[in-house]
Amino acid sequence: MAVRIVVQEPPFDFGAEAEAFAAGRTDLGAVVTFTGVVRDVTGALDGMAIEHYPGMTEKALESIARDAESRWSLGEVLVIHRYGQMAPGDRIMMVATASPHRKDAFEAAEYLMDYLKSRAPFWKKETAGGAQSWVAAKDEDESALKRW
Amino acid sequence: MIDVLYFAWVRERIGLPKERIDSAAATVADLVAELRAREERYEVAFSDLSALRVAVDQELTDFDAPLAGAREVAFFPPMTGG
Numbered sequence: 001m002a003v004r005i006v007v008q009e010p011p012f013d014f015g016a017e018a019e020a021f022a023a024g025r026t027d028l029g030a031v032v033t034f035t036g037v038v039r040d041v042t043g044a045l046d047g048m049a050i051e052h053y054p055g056m057t058e059k060a061l062e063s064i065a066r067d068a069e070s071r072w073s074l075g076e077v078l079v080i081h082r083y084g085q086m087a088p089g090d091r092i093m094m095v096a097t098a099s100p101h102r103k104d105a106f107e108a109a110e111y112l113m114d115y116l117k118s119r120a121p122f123w124k125k126e127t128a129g130g131a132q133s134w135v136a137a138k139d140e141d142e143s144a145l146k147r148w
Numbered sequence: 001m002i003d004v005l006y007f008a009w010v011r012e013r014i015g016l017p018k019e020r021i022d023s024a025a026a027t028v029a030d031l032v033a034e035l036r037a038r039e040e041r042y043e044v045a046f047s048d049l050s051a052l053r054v055a056v057d058q059e060l061t062d063f064d065a066p067l068a069g070a071r072e073v074a075f076f077p078p079m080t081g082g
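Sequence lines, in order, name chains C and X.
So for the first sequence, the working numbering puts the first residue at 1; every next one is plus one.
So for the second sequence, the working numbering puts the first residue at 1; every next one is plus one.
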């Protein structure tokens, strides 16, 4: 299986990534993509900064992708995750999975998202109305792992 | 010598991202005890271990993990990726 992990500061081209993902793989009938976007819940969000742990981040994402590979029939996996400063509406990250069948592609994409939310070393800090605050992890993110 | 890294609000409370420490701590918990005894900013940052996570050599682990042979320990709050 081909796994591609990208951790970068600049924006990524979602269209180009989706187009290139699993291109030419005629054995893979199902491609799922998910994109995470900076969400402005209150209408007051100025921006978000994402900090990460260089080195461990790449290892953790690789490990999560390999775990997914062992559980589902996957031909290709892509994870792109940004760090640094972002504005509301900016794309933070994307995952893509390709499988012979859609169930595997959907489930593996959800698994990747559940795990990278609370097992990949990223931390979000929001600025709203001039005040900064770290985004707290949610209990439901931790309990989401139990279903796997 | 061991590299100790801090991220997110732990980094802000302690006031630096990384330091090299001469420590004989056998476990992560021993290292935390050494750090807490240093200065108040460490005491504050480590006051509630349930709010912290730890990685040894870039692998998530527990506070009772041994440090023998470890090069790098990192302390941070629960992660918020995605």
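What the hints contain is simulated information worked out from the structure, not anything from laboratory work.
Incorrect hints may appear among the rest.
Stated by the list, open to error - Just the calculated beta-carbon pair ranges, DEER-fashion:
(1) X:V44 x C:D27: 52 to 62 angstroms
(2) X:F63 x C:W134: 19 to 29 angstroms
(3) C:E9 x X:A51: 35 to 45 angstroms
(4) C:F34 x X:E40: 38 to 48 angstroms
(5) X:L16 x C:Q8: 37 to 47 angstroms
(6) C:E9 x X:E40: 31 to 41 angstroms
(7) X:M1 x C:Q8: 26 to 36 angstroms
(8) C:T26 x X:D22: 42 to 52 angstroms
(9) X:R38 x C:R25: 26 to 36 angstroms
If you're wondering where the values come from, they're calculated on a predicted model, not measured in any experiment.
Ideal Cβ positions, reconstructed from N, Cα and C, are used throughout, including at glycine.
With 35 to 45 angstroms as the target window, see if E9 (chain C) and A51 (chain X) comply at their CB atoms.
violated (28 angstroms)
Cβ distance range 31 to 41 angstroms for E9 (chain C) and E40 (chain X), holds or violated:
Since E9 (chain C) and E40 (chain X) have Cβ atoms about 34 angstroms apart, the given range 31 to 41 angstroms holds.
Measuring from beta carbon to beta carbon, are F34 (chain C) and E40 (chain X) in 38 to 48 angstroms?
About 44 angstroms separates the Cβ atoms of F34 (chain C) and E40 (chain X), which means 38 to 48 angstroms holds.
Go ahead and decide if the range 42 to 52 angstroms is satisfied by the Cβ distance of T26 (chain C) to D22 (chain X).
About 59 angstroms separates the Cβ atoms of T26 (chain C) and D22 (chain X), which means 42 to 52 angstroms is violated.
Status of the given 52 to 62 angstroms range, CB of D27 (chain C) versus CB of V44 (chain X):
Given about 56 angstroms between the Cβ atoms, the range holds.
Falls inside 26 to 36 angstroms, the C-beta gap from M1 (chain X) to Q8 (chain C)?
holds (32 angstroms)
Falls inside 19 to 29 angstroms, the C-beta gap from F63 (chain X) to W134 (chain C)?
Once the Cβ atoms are compared, 21 angstroms apart, the range 19 to 29 angstroms for W134 (chain C) and F63 (chain X) holds.
Given the hint of 26 to 36 angstroms, check if R38 (chain X) and R25 (chain C) actually sit that far apart at their C-beta atoms.
violated (55 angstroms)
Are L16 (chain X) and Q8 (chain C) spaced within 37 to 47 angstroms by their CB atoms?
violated (25 angstroms)
In the structure shown, a violation is registered for the earlier hints numbered 3, 5, 8 and 9, in ascending order.
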